[in-house]
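S.K.: One letter stands for each residue in the lines below.
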Amino acid sequence: MKGKFGILVALVVFFGVVASGCIGGEETSKTKATKVELTGDFVKDVVAIGKALEENGINEVKFSAWGSGDPNSVMRVHGIVEAARRINKVWEENGVNVRVIITDKYYAAAFQDAYQEYLSKQPLGQAGDFFVNSYAFLPTLADEGYILEITEYANAYKSVIDDFYPSLIEASKFDGKLYGLPQDTEARPFYIRTDVAAKIGFNLEGLEEKVKNGEFTWSDVYQWAKKAKENGAAEWGLIHRKGSAHPDLIQFIFAFGGKLYDENSKKLVVDVPAIYKWLYVEWKFAQDGLLPKDIMSWDWAKQIHPAIVEGRTLFDIGGTWYWTEWQTKDYYGKEGTPRPLKPEEVQAWLAYTLFPAGEEGLNPVTLSQPFVWMINSQAGQQNPSYEEFKELYHELAFLMIIKASDPDINAIHSVISAHLPVRKAAAELIRDEEWLNELKNLNLNLDQEVKDNLRDIVATTVHPINAKFLADVSYMLEYTKLAPAHPKYPALADIFKEALDKVLRGDMSPEDGVEYIIQKVNADPELAQNVEVIGEVPKDWQFP
Amino acid sequence: MKGKKLQTLSFFLSPMIIMVGLFYLIPLIFTIYISFTKMKNWNTEKYLSEVVGFYNYQRLFHMFQHDPMIKAILLTTVIFVGITLIINVLGGLLLALGTFFVNESSASAIRLLWLLPRMSPIAVYSLVWYYFFHGSDIGTLNSILMKLGAISTPIPWGQMTPWGAWSVIIFVNGLVGVSFGMIVFTSSLNQIPKELVIAARVDGASAWQISRRILIPLTKWHFLYVLTWQFLSLLTTYPHLFLLVEWDLVNRDYGTTLALYVFNTAFGRGEQDQGLAAAAAVILSIIGILGGFVTLKVLQFERMIHEPRGDIE
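Chains as they are written, first to last, in numbering that gives the first Met the number 0: chain B, 0 to 543; chain R, 0 to 312.
Just so you know, the hints here were simulated from the structure itself, not pulled from any lab data. Any given hint could be a false lead.
Unchecked claim - Using 25 Å as the maximum straight-line C-alpha spacing, the simulated SDA-like pairs for lysine to any residue come out as follows:
#, chain 1, residue 1, chain 2, residue 2
1, R, Lys37, B, Lys501
2, R, Lys45, B, His485
3, B, Lys301, R, Ala149
4, B, Lys501, R, Gly267
5, B, Lys333, R, Leu144
6, B, Lys301, R, Glu245
7, R, Lys45, B, Ala527
Because the structure is a prediction, the values reported are computed rather than measured.
Could you build the full structure based on these sequences and the hints that come with them?
M.R.: So this is what it looks like as structure tokens:
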């Protein structure tokens, strides 16, 4: 009996200990933080998140970064790598034993391909945690729940958010909520070959102002292009980009006072008078041999860029990023083996203005396509206990893009890729010659891997001439228009491209081109529901 | 006894039944179901249960009726499938017969050469022909012809409608498809007892007579298989065409077949509309089934599967 009593006591004590352990354990797990209130003090927030992760037994956080674009825009991925290093440093300095590791760094040349990849892999949980892409895709991704809404987090970081240009923050919103932070933007300058202009007596002095005031219009562009061709100063009067993915040519619609989107009806717009004028101008240029009829099938590297850098055209509709692309790619083949241009050559041979007004009384324009840092709505999924600590991973991911938006990271990207900075502090930095010198020597506090990846690009692109160019074109953002961030816009852009190609080749008249666009829109009932056709082909309009 | 037979049958047929069920039937049923939903952007959670009836089919037929490109696309589909099919089947047969009469090492080299288009990644292979047929002086073909003095200005091969565009897409796809027929026919020729060929040789038959009287009749089954397979494959192929059109090498209207049109409409414009794509896939499957059925009828498949009458009662 005594023995039984002893066993009973032992059991009670044992269960008591176990139970108290369990209860105690439960209490401990209840106190384990699964969320941190962001305060806006970066170091404090990073440390708080780090400690919460550490307390939960997490010492390593894995993220992946997906970016895309031209060869010089690699900071779209390396910005995240650098942000991770800076966060790790904060943790190290504060005795927090947690590290961020960027496991997968994916960089695609075509941003549309990267978007399709993200779209198909996100639901499978295989897409990158950070995704930099055009703002144009943000509405679809937000609507499908594929990217993280960061409005609440951003409220705590108002001082950082306020440093971004407001129009770019607006471009990062969907339905009034913030879904990303601007990464870069650009303008699309209208380039003029100074040497060709000189041959035909085209004085470029004060041209920038004339364009700004709407005094130099597309009729003038036509006259000078014609003169350049007729005098044999250049093979072509005008060269421009191709394809529907690069919406440069819709600048004509804006330059002729048209619109592409109606804020009230939330529909895309086929603005018939403006589109007709656009097609007519291009048709006239092509018919008169000033613009290649087959420009839409020209090869980028072997035809379009060489024609500009070798001075075979007077005008070119391009983008700011051309400026450094010409300095890194072997497009100039006049002396035998193709080579890149030197910064001095680019500066000497190319002048730039806004895209001129379509006709008198209208305004010049430019076009921007901001890129945005977006966070996967499942960011951090490759880490342990994701569901439990999801909020912590998401907060950390948000702080990562806050860090990746540091003025120096943004300024480096701007200088080496000739994109425009998205925040005022970065814009100031690129005017700082001392800082530029440090960048030129890569004497900056950057991750070694980032430095190694930037070395070649920095060597060829960091130059006072390039920094001056960026400063010079920054004013263009005041005139900028954005292509509509509407899920159906790419379909409409495709139709524009098809019509323009047919008009340029002379297979269709400009009127037929407009009719073709309307027919194509109406052929797809879903597209037709999202597009309004306004206005008529002007009867008495003349060009030039 | 009957049970035993069933058991044996099940044992031998089960791998095939599982394969067909898993990779053909279930996807087919899913595709048909998805074609009745609003499924897009791969968002199964949101759209898979949103049934919209015949909406996707109505949208597709509306496009077929009103798209100004559609006549060119349908014509291109017929010409592309018809001519490429002839090239694929006859080219494969000719290559197999040709290599049958040469020594084995030369035959292997020739076969390997013809397999290159199929072995090369699609983008690389298409890029080769992009630069070859490019419509300016950077195009290899134009450059050669200009150096030879045959032409003074470059010819925009793929942009000459319709035959220029058709020729390029047929040529590029034709080269890829020939190797398939070649392998099947080569394998079938190797199954023919050598004695028949030797006996014919002894009797003084020429290579042409051997081919016509012995080899071709004995490859009838394979011919039927290659023809039907390639027909279905050409009806639904689009990767090479997609790149050639996307790179503006060939005219969009006369370089686009029905399969590519559907792909571009459902996937190529920013959105990924799986509902619409599934409806199109169902329609293409129906066309394929009808086409396959007609091919089998024309080539008298039923007669071929009759049990041989045999010579001994």
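S.K.: Look at each hint and say if it fits the structure.
M.R.: Structure-based check of all given hints:
1. In summary, the hint linking Lys37/R to Lys501/B is not supported, as the alpha carbons are separated by about 34 Å, beyond the 25 Å threshold.
2. The suggested pairing of Lys45/R with His485/B holds, with an alpha-carbon distance near 20 Å, which does not exceed 25 Å.
3. A C-alpha spacing of about 23 Å is found between Lys301/B and Ala149/R, which places the hinted pair at or below 25 Å, so the restraint holds.
4. At roughly 20 Å between alpha-carbon atoms, Lys501/B and Gly267/R fall within 25 Å of each other, so this suggested pair holds.
5. Our distance criterion of 25 Å between C-alpha atoms is met by Lys333/B and Leu144/R, whose separation comes to about 23 Å.
6. Pair hint Lys301/B plus Glu245/R holds up; C-alpha atoms about 17 Å apart against a cutoff of 25 Å.
7. Of the supplied pair hints, the one linking Lys45/R and Ala527/B holds, its CA atoms being roughly 24 Å apart against a limit of 25 Å.
The structure does not agree with numbered hint 1 stated previously, though it agrees with all others.
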